[in-house]
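Use these hints to put chain B onto chain A, whose structure you have.
Number of protein chains: 2
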Amino acid sequence: MLDFKVLSTEGLARRGRLTLNHGVVETPIFMPVGTYGTVKGVLPQSLHDMGAQIILGNTFHLWLRPGLEVIEAFKGLHGFEGWQKPILTDSGGFQVWSLGGASGSGRKISEEGVRFASPVNGDKLLLTPEVSMQVQTALDSDIVMQFDECTPYETGGVLTTEAEARQSMELSLRWAGRCMAEFNRLGNRNALFGIVQGGMFEHLREESLNQLVALDLPGYAIGGVSVGEPKAQMLAIMAHTPHRLPAHKPRYLMGVGTPEDLVEGVACGVDMFDCVMPTRNARNGHLFTRFGDLRIRNARYKTDVRPIDETCGCHACTTAISRAYLHHLDRCGEMLGPMLASIHNLHYYLNLMREIREAIEQGCFEAWRASFKADRARGV
Amino acid sequence: MLDFKVLSTEGLARRGRLTLNHGVVETPIFMPVGTYGTVKGVLPQSLHDMGAQIILGNTFHLWLRPGLEVIEAFKGLHGFEGWQKPILTDSGGFQVWSLGGASGSGRKISEEGVRFASPVNGDKLLLTPEVSMQVQTALDSDIVMQFDECTPYETGGVLTTEAEARQSMELSLRWAGRCMAEFNRLGNRNALFGIVQGGMFEHLREESLNQLVALDLPGYAIGGVSVGEPKAQMLAIMAHTPHRLPAHKPRYLMGVGTPEDLVEGVACGVDMFDCVMPTRNARNGHLFTRFGDLRIRNARYKTDVRPIDETCGCHACTTAISRAYLHHLDRCGEMLGPMLASIHNLHYYLNLMREIREAIEQGCFEAWRASFKADRARGV
Numbered sequence: 004m005l006d007f008k009v010l011s012t013e014g015l016a017r018r019g020r021l022t023l024n025h026g027v028v029e030t031p032i033f034m035p036v037g038t039y040g041t042v043k044g045v046l047p048q049s050l051h052d053m054g055a056q057i058i059l060g061n062t063f064h065l066w067l068r069p070g071l072e073v074i075e076a077f078k079g080l081h082g083f084e085g086w087q088k089p090i091l092t093d094s095g096g097f098q099v100w101s102l103g104g105a106s107g108s109g110r111k112i113s114e115e116g117v118r119f120a121s122p123v124n125g126d127k128l129l130l131t132p133e134v135s136m137q138v139q140t141a142l143d144s145d146i147v148m149q150f151d152e153c154t155p156y157e158t159g160g161v162l163t164t165e166a167e168a169r170q171s172m173e174l175s176l177r178w179a180g181r182c183m184a185e186f187n188r189l190g191n192r193n194a195l196f197g198i199v200q201g202g203m204f205e206h207l208r209e210e211s212l213n214q215l216v217a218l219d220l221p222g223y224a225i226g227g228v229s230v231g232e233p234k235a236q237m238l239a240i241m242a243h244t245p246h247r248l249p250a251h252k253p254r255y256l257m258g259v260g261t262p263e264d265l266v267e268g269v270a271c272g273v274d275m276f277d278c279v280m281p282t283r284n285a286r287n288g289h290l291f292t293r294f295g296d297l298r299i300r301n302a303r304y305k306t307d308v309r310p311i312d313e314t315c316g317c318h319a320c321t322t323a324i325s326r327a328y329l330h331h332l333d334r335c336g337e338m339l340g341p342m343l344a345s346i347h348n349l350h351y352y353l354n355l356m357r358e359i360r361e362a363i364e365q366g367c368f369e370a371w372r373a374s375f376k377a378d379r380a381r382g383v
Numbered sequence: 004m005l006d007f008k009v010l011s012t013e014g015l016a017r018r019g020r021l022t023l024n025h026g027v028v029e030t031p032i033f034m035p036v037g038t039y040g041t042v043k044g045v046l047p048q049s050l051h052d053m054g055a056q057i058i059l060g061n062t063f064h065l066w067l068r069p070g071l072e073v074i075e076a077f078k079g080l081h082g083f084e085g086w087q088k089p090i091l092t093d094s095g096g097f098q099v100w101s102l103g104g105a106s107g108s109g110r111k112i113s114e115e116g117v118r119f120a121s122p123v124n125g126d127k128l129l130l131t132p133e134v135s136m137q138v139q140t141a142l143d144s145d146i147v148m149q150f151d152e153c154t155p156y157e158t159g160g161v162l163t164t165e166a167e168a169r170q171s172m173e174l175s176l177r178w179a180g181r182c183m184a185e186f187n188r189l190g191n192r193n194a195l196f197g198i199v200q201g202g203m204f205e206h207l208r209e210e211s212l213n214q215l216v217a218l219d220l221p222g223y224a225i226g227g228v229s230v231g232e233p234k235a236q237m238l239a240i241m242a243h244t245p246h247r248l249p250a251h252k253p254r255y256l257m258g259v260g261t262p263e264d265l266v267e268g269v270a271c272g273v274d275m276f277d278c279v280m281p282t283r284n285a286r287n288g289h290l291f292t293r294f295g296d297l298r299i300r301n302a303r304y305k306t307d308v309r310p311i312d313e314t315c316g317c318h319a320c321t322t323a324i325s326r327a328y329l330h331h332l333d334r335c336g337e338m339l340g341p342m343l344a345s346i347h348n349l350h351y352y353l354n355l356m357r358e359i360r361e362a363i364e365q366g367c368f369e370a371w372r373a374s375f376k377a378d379r380a381r382g383v
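These protein sequences, in sequence, are chains A and B.
4 is the number of the first residue of the first sequence in my numbering; add one for each residue after it.
4 is the number of the first residue of the second sequence in my numbering; add one for each residue after it.
A few of these clues could be false.
A pair holds if it fits inside one copy or across any two, identical chains being indistinguishable in the list.
[What the hints assert, rightly or not] Derived DSSO-like pairs: lysine-lysine, alpha-carbon spacing no greater than 30 Å straight-line:
(1) Lys88 to Lys78
(2) Lys234 to Lys127
(3) Lys305 to Lys43
(4) Lys127 to Lys305
Just so you know, the hints here were simulated from the structure itself, not pulled from any lab data.
If we strip away everything but chain A, and leave its shape as in the complex, we get (with noise of 0.2 Å):
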């Protein structure tokens, strides 16, 4: 099931609540990445206790290991990875599109799907819009997303001509037809989002729109963005495609982003995110806060004995974690560097959610996102 209400606006941003079989999800929403299972580095307890109300799952990944016999024996992965609160999974579509590489040589598209060799064990795999379907009902994810085709924005440095973009947003349309047949015939009782895609043309994304919503999913995500293109190019999609979706609807920007891009995802009219940002970054010593970014392994930060944002909120900050101590845990190569820095930058991204839902239901979003922007440039 899905049901989504639209609790507020202002201007484009909206304050909405999705409700899902594994539970209720307030947006605008960030989405915690735990491809394998696990969001890196983290408790799952930790997620609970940081309001984590959404977690993604990676359908490819999970597919590949443990495979579907075991995630079955759990009834699903909310049973697996011992989490009982909603889980979005992702197509694989993504994935098999990045095992391309530059030259796109590592797997093989058609009308069918995508055939290439497991990077696990090298066996030979073909995923389907069915296959897809079959993997994600397993999973009991409580969104799932339609097998899409990701237009590159380049491909060994050329760009993507208009032709090759819409050749393969036609077939991501053609996949969500399939997808859509597959699932009902599964009888999942989850939701399905379709994949507005379209490379960097606005007419072609207007397009895949249009037959998308024709298909009355419950929600929709933008996909194809945060693919190496231009950020110009990106704030023009954010700008053009989530206000023109079904105001009834979700509207989840796929892979996006900096604080910044979630902000401006936000003021277009975005309810969902999702990154691995907060925690890739916290892994190689990169921490985000209301003040700036701050990168621990600075020497500077050698014998501050600052918390990392005295005004947050997070495990990390609110129990005496310095600045030298995470810098020496992350000198030393310390797991628990990365532990608390996850913590502290996934606290960071929920929190900035919690502020802009407030400030949205308060009608003070515009206000809230001056004094975001003024703060954010203040420096740690």
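Below, chain B without anything else, positioned relative to chain A:
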């Protein structure tokens, strides 16, 4: 300060209470090892939650990184690592000894101390009894260990001779005297422990013990075990030394060991243990349980929906974390695997000691010990 009371005994086994500057420690106790100011892979909060009462820090490592300048900015190790309960630091002796490798070429031992090249940056360093006391005073650890020479069991395949063991033991005794003098000169208000050496020679251990007891230190450790000797030799030292130490002072067996070793140690009159085994083994997928040990990498766990041990009260076993999930995390190299395994193993060790304390209190330690052996032999 140090206050120690033996609350009850059964045979040589003792149930005691140790009061230190940062709190009370119920003995017998296992102390998790936090080499670089972090128990590897475990949040300080998790250590609290599992009831850790005292943790270790390594003087040698912390002297090199982050260095005293940083520690002093936090007025000691407690503030730096955010742990307000007691801390014991070793003296650095074992670590410089470990630098030697099989040939001993990595460091040079003289009457003055040990010269070696920093494994971090190659700096030529000199660690002496006085420096060790100075560093441990800066760390402000509740229990300070004397600087000693750890007598090797063998060097390059050749067993340590009695003459060599005597020479080494006598050097450690002279260093104990210098440690005591420097500890007092520094006005350190914590507790200094002496370390009994003597290799595998009981009369040398007795000589070491008698001379250390004459110094009237507040506690004593047994060193030079768990250094590559056969298990029978370790058991012989356990049977020989602990009960000869002063009955009204705490007894600490350094670097030991397996669950069976701990139970044997308590039966021989030991009050305190430390070992990297629970955390190191956790990172290698080796889990300790009441019913024997479990290698999570084994393919038999691939679809095993059971917790590690259904009788275990640890965070992993009580939050529906399954063997199959841990097997999967291990296979994918996900950090969460070692994180959960470390929590489980440390909880197992701490709970083992809790059971031992209760058994001694109730005068049923011998019965408990028989059931411990039967349970461990049952198999998981």
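- Is it within, between, both or neither when you check lysine 234 against lysine 127 at 30 Å Cα-Cα? neither (36 Å within a copy, 50 Å between copies)
- Message: Within a copy, between copies, both or neither: which one fits lysine 127 and lysine 305 at a CA-CA cutoff of 30 Å?
- Response: between (50 Å within a copy, 22 Å between copies)
- Message: Within a copy, between copies, both or neither: which one fits lysine 305 and lysine 43 at a CA-CA cutoff of 30 Å?
- Response: Classified as both: same-chain Cα gap 26 Å, cross-chain 20 Å, threshold 30 Å.
- Message: I want to check one pair: lysine 88 and lysine 78. Are their C-alpha atoms no more than 30 Å apart within a copy, between two copies, both, or neither?
- Response: within (15 Å within a copy, 43 Å between copies)
Of the numbered hints given earlier, the model fails hint 2 alone.
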